[in-house]
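Number of protein chains: 2
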Amino acid sequence: MDVCFCLPARGHTMSRRGSDRSHCIRKTALRPSDRSTSAEPAIIEKLHEDYMKPGVLSLAAGVSYMKPPRDCLSWALEAVLQSDSADPHRYGDVVGDQNLLEVIRRKLETVNKLTGQEIMVTAGANQAFVNVLLSITDVGDEVILTKPYYFSHLVALQLCGVVPVMANSDPELKPDPIEIKASITPKTKALVLVNPGNPSGSVAERELVEELETLCHDAGIWLISDEAYEHFLYNSVAHYSPSLYPNQVINIFTMSKSYALAGWRVGYISYPKILSDSMLKINDTVPTHACRTSQSIATKALEDDGDFPAVHAKELERNRDEIWRVVEKYATVKTTGAFYFFIKAPGGYDDLDATRILAEKYNVLVVPGVAFGMPGYLRISYAGLRYEVMKTAAACLEEGLLYLSRIPPEREDAKERWD
Amino acid sequence: MDVCFCLPARGHTMSRRGSDRSHCIRKTALRPSDRSTSAEPAIIEKLHEDYMKPGVLSLAAGVSYMKPPRDCLSWALEAVLQSDSADPHRYGDVVGDQNLLEVIRRKLETVNKLTGQEIMVTAGANQAFVNVLLSITDVGDEVILTKPYYFSHLVALQLCGVVPVMANSDPELKPDPIEIKASITPKTKALVLVNPGNPSGSVAERELVEELETLCHDAGIWLISDEAYEHFLYNSVAHYSPSLYPNQVINIFTMSKSYALAGWRVGYISYPKILSDSMLKINDTVPTHACRTSQSIATKALEDDGDFPAVHAKELERNRDEIWRVVEKYATVKTTGAFYFFIKAPGGYDDLDATRILAEKYNVLVVPGVAFGMPGYLRISYAGLRYEVMKTAAACLEEGLLYLSRIPPEREDAKERWD
Numbered sequence: 001m002d003v004c005f006c007l008p009a010r011g012h013t014m015s016r017r018g019s020d021r022s023h024c025i026r027k028t029a030l031r032p033s034d035r036s037t038s039a040e041p042a043i044i045e046k047l048h049e050d051y052m053k054p055g056v057l058s059l060a061a062g063v064s065y066m067k068p069p070r071d072c073l074s075w076a077l078e079a080v081l082q083s084d085s086a087d088p089h090r091y092g093d094v095v096g097d098q099n100l101l102e103v104i105r106r107k108l109e110t111v112n113k114l115t116g117q118e119i120m121v122t123a124g125a126n127q128a129f130v131n132v133l134l135s136i137t138d139v140g141d142e143v144i145l146t147k148p149y150y151f152s153h154l155v156a157l158q159l160c161g162v163v164p165v166m167a168n169s170d171p172e173l174k175p176d177p178i179e180i181k182a183s184i185t186p187k188t189k190a191l192v193l194v195n196p197g198n199p200s201g202s203v204a205e206r207e208l209v210e211e212l213e214t215l216c217h218d219a220g221i222w223l224i225s226d227e228a229y230e231h232f233l234y235n236s237v238a239h240y241s242p243s244l245y246p247n248q249v250i251n252i253f254t255m256s257k258s259y260a261l262a263g264w265r266v267g268y269i270s271y272p273k274i275l276s277d278s279m280l281k282i283n284d285t286v287p288t289h290a291c292r293t294s295q296s297i298a299t300k301a302l303e304d305d306g307d308f309p310a311v312h313a314k315e316l317e318r319n320r321d322e323i324w325r326v327v328e329k330y331a332t333v334k335t336t337g338a339f340y341f342f343i344k345a346p347g348g349y350d351d352l353d354a355t356r357i358l359a360e361k362y363n364v365l366v367v368p369g370v371a372f373g374m375p376g377y378l379r380i381s382y383a384g385l386r387y388e389v390m391k392t393a394a395a396c397l398e399e400g401l402l403y404l405s406r407i408p409p410e411r412e413d414a415k416e417r418w419d
Numbered sequence: 001m002d003v004c005f006c007l008p009a010r011g012h013t014m015s016r017r018g019s020d021r022s023h024c025i026r027k028t029a030l031r032p033s034d035r036s037t038s039a040e041p042a043i044i045e046k047l048h049e050d051y052m053k054p055g056v057l058s059l060a061a062g063v064s065y066m067k068p069p070r071d072c073l074s075w076a077l078e079a080v081l082q083s084d085s086a087d088p089h090r091y092g093d094v095v096g097d098q099n100l101l102e103v104i105r106r107k108l109e110t111v112n113k114l115t116g117q118e119i120m121v122t123a124g125a126n127q128a129f130v131n132v133l134l135s136i137t138d139v140g141d142e143v144i145l146t147k148p149y150y151f152s153h154l155v156a157l158q159l160c161g162v163v164p165v166m167a168n169s170d171p172e173l174k175p176d177p178i179e180i181k182a183s184i185t186p187k188t189k190a191l192v193l194v195n196p197g198n199p200s201g202s203v204a205e206r207e208l209v210e211e212l213e214t215l216c217h218d219a220g221i222w223l224i225s226d227e228a229y230e231h232f233l234y235n236s237v238a239h240y241s242p243s244l245y246p247n248q249v250i251n252i253f254t255m256s257k258s259y260a261l262a263g264w265r266v267g268y269i270s271y272p273k274i275l276s277d278s279m280l281k282i283n284d285t286v287p288t289h290a291c292r293t294s295q296s297i298a299t300k301a302l303e304d305d306g307d308f309p310a311v312h313a314k315e316l317e318r319n320r321d322e323i324w325r326v327v328e329k330y331a332t333v334k335t336t337g338a339f340y341f342f343i344k345a346p347g348g349y350d351d352l353d354a355t356r357i358l359a360e361k362y363n364v365l366v367v368p369g370v371a372f373g374m375p376g377y378l379r380i381s382y383a384g385l386r387y388e389v390m391k392t393a394a395a396c397l398e399e400g401l402l403y404l405s406r407i408p409p410e411r412e413d414a415k416e417r418w419d
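Quick mapping for you: the protein sequence lines, in order, are chains A and B. Heads up: the first sequence begins at 1 in the UniProt record's numbering, then just goes up one per residue. Heads up: the second sequence begins at 1 in the UniProt record's numbering, then just goes up one per residue.
Some hints here could point you the wrong way.
[What the hints assert, rightly or not] Pairwise CB distance ranges, derived in the manner of DEER restraints:
| hint | chain 1 | residue 1 | chain 2 | residue 2 | range |
| --- | --- | --- | --- | --- | --- |
| 1 | B | R318 | A | G140 | 32 to 42 Å |
| 2 | A | K334 | B | L81 | 33 to 43 Å |
| 3 | B | M52 | A | E172 | 27 to 37 Å |
| 4 | B | D71 | A | E360 | 39 to 49 Å |
[Said to hold, decoys possible] Stretch by stretch, here's where chain A covers chain B in the computed footprint (C-beta under 8 Å, at least three residues):
| hint | segment |
| --- | --- |
| 5 | 125-139 |
| 6 | 164-177 |
| 7 | 292-301 |
Note that these hints are calculated values from the structure, not bench results. Note that the structure is a prediction, hence the values are computed from the model and not measured. For glycine and all other residues, C-beta sits at the position ideal for the given N, C-alpha and C.
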């Protein structure tokens, strides 16, 4: 067939051409997709670009200053260096290397009390979430996020053509079952639970998680449980991985936070068998698999350094105390997990203005709440800097927040907005 | 709001519940998505699972037996081992590490004659392709693949809600401009060119690529040029990277083939600036970035081992000759690139039956053409085995193909089909 497209479609300009040319000229076609342009910007990248000038201390990034356990690195890297085999350089199994799957299975059984599900290694928790979305949702389906949500979850939904539905949290920044229930429609496919929460820092404890599980079960929707911060717990709270209804829960984990291995891009998912074929296709097509050597490092870390995550979390306590002392009067609640506090910008400031002022005048970078669906708030990470530097950052933050609380926005030159 | 959904949607079963429960019970909702179930299966994984019994030699996988250049490995891994810094373990720039972007820029200028575009490091060429799709297509758009297509491209289209349109190739298995032009509709967003071709092995030389570029330009569609096999060229053909209209071309490259670094998952894309924001959002949301250490290895490899890819390709020539001797009489054409021959299954055999017989009776694994949209064909890789082993595989293949050409399908017990 060689057709002439005489009916212009939206955004297309047509013109007749000689028979040696295509009939259809669409000058406006060479632009980015609507799904990508309408998705939220890469917020952390943009913040760093705009504000990370020399001297600015970052309380923005979702990463700790800690290094991974030494031995798993040397074990894995020396094995590669000493090996004559091409194996670590070749493609591996799409679901992940067998040794790693085995230690993950043991970790899930002993630490998370999760059994009987399928496991897949992914290139981190973000990529895991994209896998999960593609495996359970179709275009036009709805997925519920609770505010404040994790921004990459929203962008993933937007890119995958899934409609995000936002449910407000309770006053302690925990998921609110009443709000969630009210957000369910016949198009709802899943509820996303980030626990401990990013950016909220709140921990949904066992009773609440079980209530959410039951709610999802009764509504016939999936529960996607992102447990990236499973080990970062304070004030004696405990982590609980949803497991009442294993046929409807998908748990996402990562080595990035607990083991400080973010740069190696390795995480894992636990999911019901009914999703196996879909997950395999998706992983094969998107990352193929996680970096093989990252998988070796993860294997050794999970095998030998089971205590590391708790030590890591403990190590952050001084930082946490230091930052809490500063933010206490602006925070709704002293949340007990992850490594964030989520506070109201003082003095009625817009969060973008507050972020700009803190960075430009007080040399300290935070993330504006609008990135998480809650304008007027700020996310403060207490993990990214060593204690000595964190003390300086906390002092800058203290001065900055005080300024904001004393100088009303109308007196501050707030015209030059961050956008 | 707390609504009761009285109108059952397709696939939903409703029932009234007490006010303490959700009103909506959807027993059938907990199943995989349509987009994932209707997508093609992960073919190579399935083949290996079904047929890679001990003793079977694989001519199936798209990977060579070669090891990566030694020095880039030791340089990068020893740097990690000796470093006191947490940097290689932390998140990196979403677009890629600056050093790597710099050497990629030089490589693109000198080797590919590509200048003035944006560059992003990806976690391999598959993930790059998903990035590209999400950045330029919306749900319902059409993208043209030429048959035989690369299966991961088809699955990526299916997962992203894009309609694949297939254009037949010419008798030499090269893209056919007439067929492609005839496949363009007002919904077409892009043409995908895999050059050198996988699975065809055919090379579209400069004149043909320029014709395709012009065709895309005139039609106002993107040209996605997957150049994963750019260095695997035989019979003195040359690789040409499309560059006539840099504002409409997106070039995809990978370290997996040329540098035998498949297990490290690192590739890169070159694209017009108009896509920068979209690409950044997408990479941030899907892989975040490629493994940092994989990026260091790639940096050193591109910097110091520019000759390696040509040596690598040359090394495969003996394998290529050996396999060609065996497949010559079944092949349409002696294609001159990548590391595949794409041949007609002898004796009128269905490709799935032929694959099964070759694996089960002759201990040699190939990929059935149906995986590439051309039933009745077989893809034979000549890269995966060292010459000594390849000779044995070639002998098995020779016997197997001879059997197929002599024993008609109706006499062969072909009931137990591979599915």
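Hint numbers contradicted by this structure: Failing hints, ascending: 1, 3 and 6.
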